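From first to last, the protein sequence lines are chains H and X. Each residue of the first sequence is one higher than the one before, counting from 11 in my numbering. Each residue of the second sequence is one higher than the one before, counting from 11 in my numbering.
Among the hints, a few may not be true.
Identical copies look the same in the list; a pair holds intra-copy or inter-copy alike.
What the hints assert, rightly or not - Here are the simulated lysine to any residue pairs, SDA-like style, with alpha carbons at most 25 Å apart: (1) 285 x 303; (2) 51 x 15; (3) 17 x 50; (4) 301 x 243; (5) 229 x 40; (6) 164 x 38; (7) 164 x 41; (8) 51 x 261; (9) 164 x 39; (10) 164 x 34; (11) 164 x 44; (12) 315 x 74; (13) 164 x 36; (14) 290 x 280; (15) 55 x 270; (16) 164 x 43; (17) 71 x 313; (18) 164 x 47; (19) 17 x 38.
In short, the hints are calculated from the structure, not lab data. Keep in mind the model is a prediction, meaning the values are calculated, not measured.
Protein chains: 2
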Amino acid sequence: MDAAALKAYASQHLEGVCRLMEETLSSDVALLNATNQTVLKGGGKRIRPLLTLLSAGACGKRTPDTDKVAAAAEILHNATLLHDDVVDGAAIRRGKPTVMALLNAPASVLIGDHWLARAMRLILSTASHTLEYTRLFSQTLDDLAQGEILQLQKSERCDTTFADYLRIIHCKTASLFEVSARTGALSADASPEMTDALGAYAHHLGLAFQIKDDILDYKGGDIGKPVGQDLNERKVTMPLLAALEMVGEERQREIRELFAAGGHEEEILAFVLDKGGISKAQEVLESYIEKAIGSLAPLPESEPKSVLVSLARYSSIRTQ
Amino acid sequence: MDAAALKAYASQHLEGVCRLMEETLSSDVALLNATNQTVLKGGGKRIRPLLTLLSAGACGKRTPDTDKVAAAAEILHNATLLHDDVVDGAAIRRGKPTVMALLNAPASVLIGDHWLARAMRLILSTASHTLEYTRLFSQTLDDLAQGEILQLQKSERCDTTFADYLRIIHCKTASLFEVSARTGALSADASPEMTDALGAYAHHLGLAFQIKDDILDYKGGDIGKPVGQDLNERKVTMPLLAALEMVGEERQREIRELFAAGGHEEEILAFVLDKGGISKAQEVLESYIEKAIGSLAPLPESEPKSVLVSLARYSSIRTQ
Numbered sequence: 011m012d013a014a015a016l017k018a019y020a021s022q023h024l025e026g027v028c029r030l031m032e033e034t035l036s037s038d039v040a041l042l043n044a045t046n047q048t049v050l051k052g053g054g055k056r057i058r059p060l061l062t063l064l065s066a067g068a069c070g071k072r073t074p075d076t077d078k079v080a081a082a083a084e085i086l087h088n089a090t091l092l093h094d095d096v097v098d099g100a101a102i103r104r105g106k107p108t109v110m111a112l113l114n115a116p117a118s119v120l121i122g123d124h125w126l127a128r129a130m131r132l133i134l135s136t137a138s139h140t141l142e143y144t145r146l147f148s149q150t151l152d153d154l155a156q157g158e159i160l161q162l163q164k165s166e167r168c169d170t171t172f173a174d175y176l177r178i179i180h181c182k183t184a185s186l187f188e189v190s191a192r193t194g195a196l197s198a199d200a201s202p203e204m205t206d207a208l209g210a211y212a213h214h215l216g217l218a219f220q221i222k223d224d225i226l227d228y229k230g231g232d233i234g235k236p237v238g239q240d241l242n243e244r245k246v247t248m249p250l251l252a253a254l255e256m257v258g259e260e261r262q263r264e265i266r267e268l269f270a271a272g273g274h275e276e277e278i279l280a281f282v283l284d285k286g287g288i289s290k291a292q293e294v295l296e297s298y299i300e301k302a303i304g305s306l307a308p309l310p311e312s313e314p315k316s317v318l319v320s321l322a323r324y325s326s327i328r329t330q
Numbered sequence: 011m012d013a014a015a016l017k018a019y020a021s022q023h024l025e026g027v028c029r030l031m032e033e034t035l036s037s038d039v040a041l042l043n044a045t046n047q048t049v050l051k052g053g054g055k056r057i058r059p060l061l062t063l064l065s066a067g068a069c070g071k072r073t074p075d076t077d078k079v080a081a082a083a084e085i086l087h088n089a090t091l092l093h094d095d096v097v098d099g100a101a102i103r104r105g106k107p108t109v110m111a112l113l114n115a116p117a118s119v120l121i122g123d124h125w126l127a128r129a130m131r132l133i134l135s136t137a138s139h140t141l142e143y144t145r146l147f148s149q150t151l152d153d154l155a156q157g158e159i160l161q162l163q164k165s166e167r168c169d170t171t172f173a174d175y176l177r178i179i180h181c182k183t184a185s186l187f188e189v190s191a192r193t194g195a196l197s198a199d200a201s202p203e204m205t206d207a208l209g210a211y212a213h214h215l216g217l218a219f220q221i222k223d224d225i226l227d228y229k230g231g232d233i234g235k236p237v238g239q240d241l242n243e244r245k246v247t248m249p250l251l252a253a254l255e256m257v258g259e260e261r262q263r264e265i266r267e268l269f270a271a272g273g274h275e276e277e278i279l280a281f282v283l284d285k286g287g288i289s290k291a292q293e294v295l296e297s298y299i300e301k302a303i304g305s306l307a308p309l310p311e312s313e314p315k316s317v318l319v320s321l322a323r324y325s326s327i328r329t330q
């Protein structure tokens, strides 16, 4: 299954989820409805709801609750993006102007809160496992916030270690990937073994997915995002960490000082390329992809399972 | 019971709730812990958790769940204040610098999200009625966000009507007051009649409370908040709406145009005072106070009930 086939599979299967998202976010406050449309049509990869559907499918059935938790995961994700845009002062996302840019930071904060509440309302409308879903989504909301806070704190000091980075990408990305898969499995009344297998798959896929994003920030991709944005935002990510591992302590200190001082982006970019930081990061990413695929072993063969494998392989080579 | 006696009652009974708030918000991320301390010690009136405890008490018992929902209400309230400070660009709250001012807007957004998640976690740790609490808190989070969004939208056009204003203060204040009382009653396994009575009390108290805040914005109080802040933020509130009702359509249009143009704060303040807007607003407030007290009729006499009556009377005359 290549990228185009995956995209076709997603848009075919996610139609009901997208409709549910629209219904959930509808409001009689005009400003809200207008923004909902802008953001819902803006797209994105919809990888989280896809994980939910595929996980339910791999466990044998897709229920009305599956669609609800899938839509809730995507709404929660987009709510936190509205907040992250304020944090990063981002005017562009997915090649389009953000709510920050179209309206202002206050609107982005408040619409984010409104969406969080609506995601919760959707979860509370499920027929079974409601408390379990609520627990999982609350935990991941905390992870998302704590990950961004840690990143913010580290960006001020430029002292991110490998362990910090792993914690940040767990919180920022892998946590909600895992919850998307786990809630999908639960919605199909899966056994704890199957649920854990899909959770482990999605956790590793999430780590790999974020490392790929961080690589694309150094290499540029097809998405129209400017190269080196993370460097400008003083975020130390895997390519730089991998490059730093290749040199002695003194050179490490020098580079971190350049990074902290700011204005040396080109020099740091050249250092990362020269020390093979990108290919090292790609190696780590591929090891997570293998772990993700390996985690699926307990699941019986099925179409959804083979799509999950394709999704993991595609995540390793994607260019946007 | 006067203000000092109410304050003493609150600090005596809220000790356990404050401890629970601290425990709930503790984190191994240094930045978070430091901010938690700043905000927890900052105080505020703690009126929402007090409503929870008094509502439980008026229904005959205070359980461990009472303290949990009381702490969750206060954490949720403070989380949304962190977001409101970003929306309003507020550097001062309760006479002290905000997280916005001490750190920055991104920290205020993210710490708010973290607190929302922790409030939810606390609610999920209750022994009974957990789903009902979760529903009530999710609904009020949506109200809080929608109220601020409506206020933001109206502040751009300066066309707030009396109905808009009532909806805004319901969402901004009365909704969480009502939820604080309802969850308190539920935690004491109260009957639907008792729960509704306390909900109606707190709803009316919340409306009165917000109108008092809006009056104090015109009059100034003892809290160190500058007079006319709402006017500067282009918020049309009860004193101005009441003054506008005293004049003809043409004069109404003139005043709204001055308001929309900005820079005429002193003229508008003089108009409100001249037309008796403040005393009219106080009359409306007092009618809500009477409705609040009347709502308590189904409850048997008890110390908590009489404190609820005192709290309502105090809300009518408070100067901060």
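Numbered hints the structure breaks, given as an ascending list:
1, 4, 5, 8, 15 and 19
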